[in-house]
Amino acid sequence: MRDADRLDGLGAIGITRWAITGTIRRNAQTRTYHPTDPFNEQHTPDDHSYMLDHFYSKLLKLSDSMTTNTGRLLSQRRTLFMHSFLNELRNELEI
1 MRDADRLDGL GAIGITRWAI TGTIRRNAQT RTYHPTDPFN EQHTPDDHSY
51 MLDHFYSKLL KLSDSMTTNT GRLLSQRRTL FMHSFLNELR NELEI
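Just so we're aligned, residue 1 is where the sequence shown starts under my numbering, counting upward by one.
Where hints are given, some of them may not hold.
[Unchecked claim] Straight-line Cα separation of at most 20 Å, SDA-like style, residue types lysine to any residue; simulated pairs: (1) Lys61 / Phe81; (2) Lys58 / Phe81; (3) Lys61 / Gln76; (4) Lys61 / Gly22; (5) Lys61 / Ala19; (6) Lys58 / Glu94; (7) Lys58 / Pro45; (8) Lys61 / Pro35; (9) Lys61 / Phe85; (10) Lys61 / Gln29.
No lab work stands behind these hints: they were computed from the structure.
Modelling step: build the complete structure from the supplied sequences, incorporating the hints.
Here is the structure:
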């Protein structure tokens with residue numbers, strides 16, 4: 001059951017959950033991404049201040065915590081999809 005819950009945080013479902021949850025829970029100071037370092041290359045992830053940092057503080061690490069072979073296999077594929085999403089976002093932001 002633990003792997004299933006964590007799998008829901010990954011892939012297309014995970015990205016959808018991230019967007020909805022981040023929008024609902026954000027406050028006036030929360031930004032979608034860090035203005036000069038959106039992809040966490042130079043700053044410590046701060047998902048309370050920047051929504052995109054949640055990928056780096058939690059979501060991209062979920063695969064490491066899977067306990068079953070099936071969970072590991074599915075999480076790897078979904079994590080790759082999330083990396084593809086981040087790469088496309090990087091292209092669209094032209095960074």
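Name the hints, by number, that the structure is in violation of. 6, 8 and 10
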